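As they're listed, the protein sequences go chains A and B.
Heads up: the first sequence is residues 1 to 415, going by this note's numbering.
Heads up: the second sequence is residues 1001 to 1156, going by this note's numbering.
In case anyone wonders, no lab produced these hints; they're calculated from the structure.
Worth double-checking, as some hints may not be accurate.
Using C-beta positions, here's what the derived DEER-type ranges look like [said to hold, decoys possible]: (1) B:Q1013 / A:L69: 18 to 24 Å; (2) B:P1040 / A:F307: 35 to 41 Å; (3) B:P1130 / A:R64: 48 to 54 Å; (4) B:M1041 / A:E148: 30 to 36 Å.
Chain B side only, calculated, beta carbon under 7 Å to chain A, not exhaustive [to be verified]: (5) F1005; (6) E1007; (7) G1043; (8) A1069.
Below 20 Å or equal to it, Euclidean Cα-Cα: the simulated EDC-like pairs (lysine to aspartate or glutamate) are [as the list claims (entries may be wrong)]: (9) B:K1045 / A:E375; (10) B:K1045 / B:E1059; (11) B:K1036 / B:E1080; (12) B:K1051 / B:E1150; (13) B:K1148 / B:E1089; (14) B:K1051 / B:D1018; (15) B:K1045 / A:D384; (16) B:K1045 / A:D349; (17) B:K1036 / A:D349; (18) A:K173 / A:D220.
A quick note: this is a predicted structure, and the numbers were derived from the prediction, not measured.
Backbone N, C-alpha and C fix where the C-beta goes; we use that ideal spot for every residue, glycine too.
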Amino acid sequence: MNDAPPVAAGFDVQAIRAQFPILKEQVRGRPLVFLDSAASAQKPRAVIEAMVHAMEHQYANVHRGLHWLSERTTEAFEACRDAAARLLNAGSRDEIVLTRNSTEGINLVAHSYGRGVLRPGQAVLISEMEHHSNIVPWQMLRDAHGIELRIARVTDAGELDMDAFAALLADGKVGLVAITHMSNVLGSYTPAERIVRLAHEAGAKVLFDGSQAAVHRRVDVQALDADFYVFTGHKLYGPTGIGVLYGKAALLERMPPFLGGGDMISTVAFERSEWARVPHKFEAGTPPILEGIGLRAAIEWVERIGFPAMEAHERALTDHALARLSAIEGVTVIGRAQDRGGVVSFTLDRAHAHDVATLLDRQGIAVRAGHHCAEPLMRRFGLDSTTRASFGVYTTRSEIDALAEALTRVRTFFR
Amino acid sequence: MSEAFEELRDLYQEVILDHGRHPRNFRRLDGALHAKGDNPMCGDKVEVWLKLGTGERIEDVAFQGRGCAISIASASLMTEVVRGKTTSEARSLADAFRTLARTGVCPVCGEVHAEDIERLQPLSGVAEYPSRVKCATLAWHAMEAALKGEGSATTE
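Extracted from the complex, chain A is given alone in its bound form (with noise of 0.2 Å):
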């Protein structure tokens, strides 16, 4: 089956596929279809190769040496920092901190701002549809530190209920929203702008789980007003081990730090210690190094591309999914939201995600199956798991065709 003809000017996903070598593989003697991106995303030969060649020329640990090769790794490892507030047109590169992963920036923000900032008997806000990463850690600080923690409910098309979340904002109680860009089960994005105007209108700050939305679309924190923004490298086409935490700087200043240890701190003595300046103040200890050069490649090459033509591509791609997916007798697609992104979700009648999974998998498809880390979504559906397939920049719609055409003989197989 031929390509739709290119979605916007000089985006050409052929182009695109020759550049992530992992491409070319084979999964049991067929092309890999390599529909979890969601997941984890493929990696393009630029970012190999910036961190082949670091480990190669230019390696040594940062912000210490005083010698010539820690002088140059500081500065390709700190160029990441300045990629990162490019890429989320941050005020400041200070307001970027450099984590682990999304997961890491989140527990940062429960930890620092939720323990430092907030007081017992305010409230947190989440939705039905965050990850667990996003659950969890709000649920440490509702035992530890007498945070009440309220859940947003979703509406049966799978968007963010608005005046549900409306009302759980209106006594005033609510210090922080904590809430996901884009679902990564339902693909629905949340109306991000309407979220941080009426949290801060209740006096609530306002923090984005970005992981799915920073892939996919093109964030701005300054116009969005966002406090906090997290997201990872490694669905953005960057390694694994590096993510970025996004915090206005007045918020910064005012929290306390997350972990102690080495980089983290002016002066060091045993009666107390003082704190080095924000954003270094939360990075204790040899940061990953060498992922913040792969990252900072990830976002140049994103950049380079750009994301109208990104976003473009996967929206038509997402559209051919859902007509043909929503075309399978038996295939039911959760959620419809207006406004998503690449990932769909869905379940077939006679046969469990498993063994959907498994059985693409004997066809050379990637997908995941399960509960997706989003346990209390999957309840909120009647579900036990579902089905996803998700796509990147490189996913075809031959690609999707595949997966439609090994779905319609998985049902017959299951008959």
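Got chain A; can you put chain B on it based on the hints?
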């Protein structure tokens, strides 16, 4: 079924599809040993009941649960092969089956389990999928927990 399904067939043989669709001994037993099995990775759940007669012999065995075709078929086949065995024979067979599921073969199973292992052979394909091994062994863990008097088992 057409040859187009060959690559699906080696893991999902007809016996698995059949037991997955029409599980045997899918019921509860009153006044029996009982345990629940949980696979937190995928949400599969089974409950196993065992009724013992003289000489610690398994007189009746039943299960209920929900999950994938592999976990349901494995539970169903288990109820068929352990019926009439002593508890120590059943435990020994469970060990043999776990080896089969993990490695795809059971060279140490020997004469004593040969017939049962042949019956369970269709499940050996899960060895290729480490994450699915737990689906196949879930009911067996639950059976052993019931025999030990423990109320629950988890594959974690």
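Here's how the hints hold up against the structure:
1. B:Q1013 / A:L69: 18 to 24 Å: Cβ of Q1013 of chain B to Cβ of L69 of chain A: about 59 Å, so the range 18 to 24 Å is violated.
2. B:P1040 / A:F307: 35 to 41 Å: holds (37 Å)
3. B:P1130 / A:R64: 48 to 54 Å: violated (42 Å)
4. B:M1041 / A:E148: 30 to 36 Å: holds (31 Å)
5. F1005: holds (6 Å)
6. E1007: Result: holds, 5 Å to nearest chain A Cβ.
7. G1043: holds (4 Å)
8. A1069: Holds: closest Cβ of chain A sits about 5 Å from A1069 of chain B, inside 7 Å.
9. B:K1045 / A:E375: Holds - the C-alpha atoms of E375 of chain A and K1045 of chain B are around 15 Å apart, at most 20 Å.
10. B:K1045 / B:E1059: The given pair, whose Cα atoms are some 24 Å apart, is violated under the 20 Å limit.
11. B:K1036 / B:E1080: holds (19 Å)
12. B:K1051 / B:E1150: holds (15 Å)
13. B:K1148 / B:E1089: holds (14 Å)
14. B:K1051 / B:D1018: violated (25 Å)
15. B:K1045 / A:D384: holds (10 Å)
16. B:K1045 / A:D349: Holds, because 19 Å separates the two Cα atoms, which is no more than 20 Å.
17. B:K1036 / A:D349: violated (26 Å)
18. A:K173 / A:D220: violated (27 Å)
The structure fails hints 1, 3, 10, 14, 17 and 18 (numbered hints given earlier, in ascending order).
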